[in-house]
Amino acid sequence: MSTLPDPVEQLLEAALVGELTVVDGSGHPVTYPLIPLYDGEKIYLTSSTLFSRKLEHIKANPKVSLSITDPVAVDGRTDRVTIQGDARIIEEDPHGGWERLLPIWEKKEPSIVYFLKARVALPLFFERSLIEITPSRALYWPDGNAATAPTTTVVGKAAA
Amino acid sequence: MAAPVVPASATPRTPALDATTGLTKLASYPFQVLTFVDENGYPVSVALEAAVDVASGSATFSAPAGFAVPSGIDVSLTGSHIRPQPGYGYDERRHVTVWGRAATDGDQVTFRAARAWGWDEAEVPFFEYSERSLGQSKKYFDALSAERGTPVKPKLSFGWLALRTTRLPFLSATIVPVVLGIVIAARQGSFDLLTAVLTVIGSAFVQLGLNVANDVFDSVQGADEANVTPTQYSGGSRVIQYGLVSFRQMAGLATGFYVAAGLIGLLLLALRGSPALLFIGVAGFIVSIGYTAPPLKFVYRGLGEIAVAVGFGPLMLLGAYVVQTRGALSWEPLVASLPIALLVMLILYVNEIPDRRGDARVGKRTLPVRLSKPTVIAGYRTAAIAAYVILVAGVALGVLPIPALLALLTIPLALQVSRGLEPNYDNPYGLMAIMGVNVKVHLYAGLLLLAGYAVVLILGALAPSVSLFIGR
Chain A
395 MSTLPDPVEQ LLEAALVGEL TVVDGSGHPV TYPLIPLYDG EKIYLTSSTL
445 FSRKLEHIKA NPKVSLSITD PVAVDGRTDR VTIQGDARII EEDPHGGWER
495 LLPIWEKKEP SIVYFLKARV ALPLFFERSL IEITPSRALY WPDGNAATAP
545 TTTVVGKAAA
Chain B
2 MAAPVVPASA TPRTPALDAT TGLTKLASYP FQVLTFVDEN GYPVSVALEA
52 AVDVASGSAT FSAPAGFAVP SGIDVSLTGS HIRPQPGYGY DERRHVTVWG
102 RAATDGDQVT FRAARAWGWD EAEVPFFEYS ERSLGQSKKY FDALSAERGT
152 PVKPKLSFGW LALRTTRLPF LSATIVPVVL GIVIAARQGS FDLLTAVLTV
202 IGSAFVQLGL NVANDVFDSV QGADEANVTP TQYSGGSRVI QYGLVSFRQM
252 AGLATGFYVA AGLIGLLLLA LRGSPALLFI GVAGFIVSIG YTAPPLKFVY
302 RGLGEIAVAV GFGPLMLLGA YVVQTRGALS WEPLVASLPI ALLVMLILYV
352 NEIPDRRGDA RVGKRTLPVR LSKPTVIAGY RTAAIAAYVI LVAGVALGVL
402 PIPALLALLT IPLALQVSRG LEPNYDNPYG LMAIMGVNVK VHLYAGLLLL
452 AGYAVVLILG ALAPSVSLFI GR
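These protein sequence lines map, in sequence, to chains A and B. In terms of the working numbering, the first sequence opens at residue 395 and continues consecutively. In terms of the working numbering, the second sequence opens at residue 2 and continues consecutively.
Just so you know, the hints here were simulated from the structure itself, not pulled from any lab data. It cannot be assumed that every hint is accurate.
What the hints assert, rightly or not - Here are the computed lysine-lysine pairs in the PhoX-like style, where the Cα-Cα straight-line distance is at most 25 Å: (1) A:LYS501 to A:LYS511; (2) A:LYS453 to A:LYS436; (3) A:LYS436 to A:LYS501; (4) A:LYS436 to A:LYS457; (5) B:LYS140 to B:LYS154; (6) A:LYS457 to B:LYS140; (7) B:LYS374 to A:LYS453; (8) B:LYS154 to A:LYS511; (9) B:LYS140 to B:LYS156; (10) A:LYS511 to B:LYS156; (11) A:LYS501 to A:LYS453; (12) B:LYS298 to A:LYS453; (13) A:LYS453 to B:LYS441; (14) B:LYS441 to B:LYS374.
To be verified - One side only, chain A facing chain B, incomplete, derived with CB under 10 Å: (15) GLU435; (16) LYS436; (17) THR476; (18) THR542.
This one's a predicted model, so the numbers in the text were calculated from it and none came from an experiment. All residues carry an ideal CB built from backbone N, CA and C; glycine is no exception.
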């Protein structure tokens, strides 16, 4: 089980969008807004093959972070978090393997089920790989204010 | 025929942002997310409020507590926005990232922008963004195939794939004129069930062959690759571009449809042969194959609209008619075919509007490529009016039966299309609904013409002395 702090888990469960940052071949951070899907242990994001550059970066360098920063995307909450961790790509079945996360995805974006039924209209959008993040550290700002140093939790260890 | 070599980069990508534009966009977000790679190699992101000065190409912000913002490496500032839509998800997606170097002076950090990247669905609609990203998908599957040592391809269920590949719903363009030709012949006393069914099937194969061949030759000539705004009604099936069906498979499928159509054509010639049927059959094949195939390439030479009008109007309707009449011709099927020809031509004509930029890039000189917006819209109105005037004139002259006027009930739909062209001319996805209505104009006009003839047939059986033709 995850040892992410409760407020962080709540943010993950509420967030309609978070910012996944990966590191490209030149060592630069590259940020992608994506829907975080949390199963209580790992954080998942899905990526269409159309927008799969991020997958190339992760395969070359699995160190990533996921931030939840936008109050609008978390029903008005003002706390913020950046979760660092290692990612792996799950792509055994780009056609349907990702659908095991559909129930969590549907809770955040109910329309996805409708679009999936009409996948003939945009078939490549539904050819997707999973990004599985194993959290290693969480930086949490209870008031969302960068003027205050975040509370740091090393996952699986005591809070710093 | 050689398969086209389409590099992953062939599809035009979304234009890159320059740093100034990126900063301008970044300034519009209520907060920014500073991101850098920490000493352990992991990205760190901190939300803060930066003061963006576009003129100087920089942004300043208070140093976030607990972090030393690195100065010797690129850091980034990101803005991201969505609008939640409860019960649906969200919309108004946009984001921008600007990279540059940061310099810390006391508790202030100055960020100097160097480059930017982002997407705003208000500027590049999601469907267009997806089409512009086809090269990345191809790259992904190529890499995965190489990694596994076996081809990995995107998939669709057989039913959906067949529907998409053949563009089956567009068969109404064939069914309407062919059935009408058969019904007109039946009204005149000529009807043979076996050859009627064979005619419908053979004609359908011709159109399916045309649909698939169109994708094959448009791929060879780069037209489908150049089109980044395809819709449900335009831009081809795109199964080749999506990697769902190979070029070779599509070429084989088109050949198969044409061979099947040719065999049925030969059978019909054997059963009900006539010089008229032979001429119409040969002309139909030439128009169908020559629509996109070299050397004729009618649609590339600005003759596609005429080819479609002739092929799906007089040739289909008269072809079906002469099969039944064993070659006898009359004015009635010809006149009945003209409104259908004009309305089917208008399906293509309107569908070409969103394709026109991609078509122009590869020298596909359709009418919307060659003509100005006002002229194209005026052209629609003129052709639609002509279709209805011919119908009324045909009835007034006693060539068509009075119940054929039922087709006039589609005028409000044609008006809806006419009015929808102006505001949606440059918005392919807004135009999609208009294209849908335009398909209905042709389909419903055809069905109403058939209904009119059904009235004639029924009344002819019940009261043979009553004529539904003016002057007869």
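Taking the hints in turn, this is what the structure says about them:
no.	hint	result
1	A:LYS501 to A:LYS511	17 Å, holds
2	A:LYS453 to A:LYS436	18 Å, holds
3	A:LYS436 to A:LYS501	17 Å, holds
4	A:LYS436 to A:LYS457	15 Å, holds
5	B:LYS140 to B:LYS154	11 Å, holds
6	A:LYS457 to B:LYS140	23 Å, holds
7	B:LYS374 to A:LYS453	48 Å, violated
8	B:LYS154 to A:LYS511	20 Å, holds
9	B:LYS140 to B:LYS156	16 Å, holds
10	A:LYS511 to B:LYS156	14 Å, holds
11	A:LYS501 to A:LYS453	29 Å, violated
12	B:LYS298 to A:LYS453	46 Å, violated
13	A:LYS453 to B:LYS441	49 Å, violated
14	B:LYS441 to B:LYS374	23 Å, holds
15	GLU435	19 Å, violated
16	LYS436	17 Å, violated
17	THR476	5 Å, holds
18	THR542	6 Å, holds
Hints 7, 11, 12, 13, 15 and 16 from the earlier list are contradicted by this structure; the remaining hints agree with it.
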